[in-house]
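**Q** Produce the complete structure using the sequences and hints provided.
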Amino acid sequence: MHKVYRVLVLGTGFARRVQLPVFAGHERFQVVGIASARAERARETAREFGVPHHGDDWRSLMREVAYDVLSVVTPVHLDRDPAREALHAGKHLRLEKPVGRNAAEARELAELAAAGPGASAVNHEFRYRPDVLTARRLLRDGTLGELRSVEIRNAHAFWADPEKPTYGWLSEARFGGGLLGALGSHNVDMVGFLTGQGVQAVEGQAWTMVPERRDAQNVSRKVTADDACSFLLTLDTGVRARIDITGGTWW
Numbered sequence: 071m072h073k074v075y076r077v078l079v080l081g082t083g084f085a086r087r088v089q090l091p092v093f094a095g096h097e098r099f100q101v102v103g104i105a106s107a108r109a110e111r112a113r114e115t116a117r118e119f120g121v122p123h124h125g126d127d128w129r130s131l132m133r134e135v136a137y138d139v140l141s142v143v144t145p146v147h148l149d150r151d152p153a154r155e156a157l158h159a160g161k162h163l164r165l166e167k168p169v170g171r172n173a174a175e176a177r178e179l180a181e182l183a184a185a186g187p188g189a190s191a192v193n194h195e196f197r198y199r200p201d202v203l204t205a206r207r208l209l210r211d212g213t214l215g216e217l218r219s220v221e222i223r224n225a226h227a228f229w230a231d232p233e234k235p236t237y238g239w240l241s242e243a244r245f246g247g248g249l250l251g252a253l254g255s256h257n258v259d260m261v262g263f264l265t266g267q268g269v270q271a272v273e274g275q276a277w278t279m280v281p282e283r284r285d286a287q288n289v290s291r292k293v294t295a296d297d298a299c300s301f302l303l304t305l306d307t308g309v310r311a312r313i314d315i316t317g318g319t320w321w
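Okay, so the sequence shown: first residue is 71 according to my numbering, each after it adds one.
Honestly, the hints are just simulated from the structure, not real lab data.
None of these values were measured; they are calculated from a predicted model.
Check each hint, because a few of them may be wrong.
As the list claims (entries may be wrong) - Using C-beta positions, here's what the derived DEER-type ranges look like:
#: 1; residue 1: 212; residue 2: 119; range: 36 to 46 Å
#: 2; residue 1: 189; residue 2: 234; range: 14 to 24 Å
#: 3; residue 1: 159; residue 2: 223; range: 40 to 50 Å
Here a beta-carbon is modelled for each residue, glycine too, at the ideal position from N, C-alpha and C.
**A** Following this line, the structure appears as structure tokens:
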């Protein structure tokens, strides 16, 4: 018999669409609690997935519900406190990227995870895309020959139209928003996953192309986070990996 891990999930947005269906369909996991900033949202999600505990106070749920794994699927600025509590309690941690709003927060969580008894992982699901796995196989088996450079270009149009209601926490730097964290983190991980190399140096820029966006109430709001970035990674062998991402140009 294999152990079944009891999972406490924080978040009902991306978690409701992605994490919860996967946990629900896997025999090794049982979701035992769901927290959301809105109690009604937590109740609806718990009813949808047959979860026994729910609420809008994650601290109470972490104290009162017996769980093995904490899955944190909240906006970046809300990740640190519950992740720290879970690690201090010796629980397993599954965290969305980016790991914190800055290097200090990421380093703190990494050190706590390394010192604790549980397993910790960042959810870099792009690793498992068929194109990425194919590229990794072709690199590893020598089909592509000697690795001399890496180039990744992402162009998305989801933020190109300032008249659409695209303003949210991803548009605010204080909440950990911006494409460098949202997608740049995936691509940095992808470079390491593809090449098996670490990063020795990095240089680049992140900037904002669309300075104002409309929110859900059609009010124009100032954007403080980046919607484009370009950076160069120097890998262990001296190979350069160039990454360009934009969310504000028409595709």
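**Q** Please go over all the hints and tell whether each is borne out by the structure.
**A** Evaluation of the provided hints:
In this structure, residue 212 and residue 119 meet the distance hint of 36 to 46 Å, their C-beta atoms being roughly 45 Å apart. For residue 189 and residue 234, the Cβ-Cβ distance of about 40 Å falls outside the hinted range of 14 to 24 Å, so the restraint is violated. Range check, residue 159 to residue 223: Cβ separation about 42 Å, and the 40 to 50 Å hint holds.
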